[in-house]
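Asker: Listed below, chain by chain, are the residues.
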Amino acid sequence: MTSHQGAFSVSRRLVLAGAGSVALAGLGILACPSSMAFAAANDRYPEEAFEQKNGKEAIRLLYGRTLEPSDKIKLDAPEIAENGAVVPISVTTSLPEVTSIAFVVPENPNVLASYYRIPPGTLPNVANRLKLAKTSDVIVIVEAGGKLYSAAKEVKVTVGGCGG
Amino acid sequence: MASSIRVRAIAKGDTTEVQALIQHPMDSGFIKDDKGEFIPAHYIRELTFEHNGRAVFYADWGTAVSKDPYVKFAFHGGNKGDDLKVRWIDNKGESDTTTVKIQ
Chain A
2 MTSHQGAFSV SRRLVLAGAG SVALAGLGIL ACPSSMAFAA ANDRYPEEAF EQKNGKEAIR
62 LLYGRTLEPS DKIKLDAPEI AENGAVVPIS VTTSLPEVTS IAFVVPENPN VLASYYRIPP
122 GTLPNVANRL KLAKTSDVIV IVEAGGKLYS AAKEVKVTVG GCGG
Chain B
250 MASSIRVRAI AKGDTTEVQA LIQHPMDSGF IKDDKGEFIP AHYIRELTFE HNGRAVFYAD
310 WGTAVSKDPY VKFAFHGGNK GDDLKVRWID NKGESDTTTV KIQ
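Residue numbers (the working numbering), protein chains in the order written: chain A, 2 to 165; chain B, 250 to 352.
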């Protein structure tokens, strides 16, 4: 349980640090309540979010909103990854109306790892394999019914995924 | 040249489970080669799946997706024999596409 608490505190830190900019973004959302915020709104590749070195900025660029932890998300990742270059990570959730799922690795050089858009009719279950530069939390962000939910798990890496 | 995409889609009940494995270096740009020079970033950015012409899944990837990426997802609908089209495009503008029948 301690690792979970640690994980949530990271996402909370991301949120608090981003609170100022998120407030600004909130105005934009109010102006167009039916549309998803920012990159999630259009079909464009979210280039800026993928280039971010900083977790809260990546999340802001992608969504412009805050996260809340959810126990309805099941994040599956190994406790210890011998090889950080290939870490199998999957997520399933019972949250309704899921529209996107993102994986964020705060200790990686670029923190946003992958972002999946889930059209209606597609199940909110995704499995993928990610690189972890070193021991890090893995945060999954599920966008459901216009709100953001997150879960996190620490993965200990014995050999990093970024060479050297 | 053989396709870089291996995809298997299996209809079970009212859902279709899709697994895809793609051959791609997914170079992050952070790794040095034997001469100590950085290998330029080369990675898939967008991957889409269409069932009978309707998009059922979009993946946007960064450099942290592992080499020879794997992804698994599922969608409602899809019958044996339906077309599932897969397409990726990387940061150099290279792309590949394949269409398989749902099993």
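Since the hints were derived computationally from the structure, they do not count as laboratory data.
Honestly, I wouldn't trust all of these hints.
What the hints assert, rightly or not - Quick list of in silico lysine to aspartate or glutamate cross-link-like pairs, DMTMM-like style, CA-CA up to 25 Å:
id, chain 1, residue 1, chain 2, residue 2
1, B, Lys-350, B, Asp-263
2, B, Lys-316, A, Glu-52
3, B, Lys-281, A, Asp-44
4, A, Lys-73, A, Glu-48
5, B, Lys-316, A, Glu-83
6, B, Lys-341, A, Glu-83
7, B, Lys-261, A, Glu-69
8, B, Lys-316, A, Glu-80
9, A, Lys-73, B, Glu-266
Asker: Which of the listed hints are broken here?
Answerer: As far as the earlier hints go, 3, 4, 6 and 7 are violated by this structure, in ascending order.
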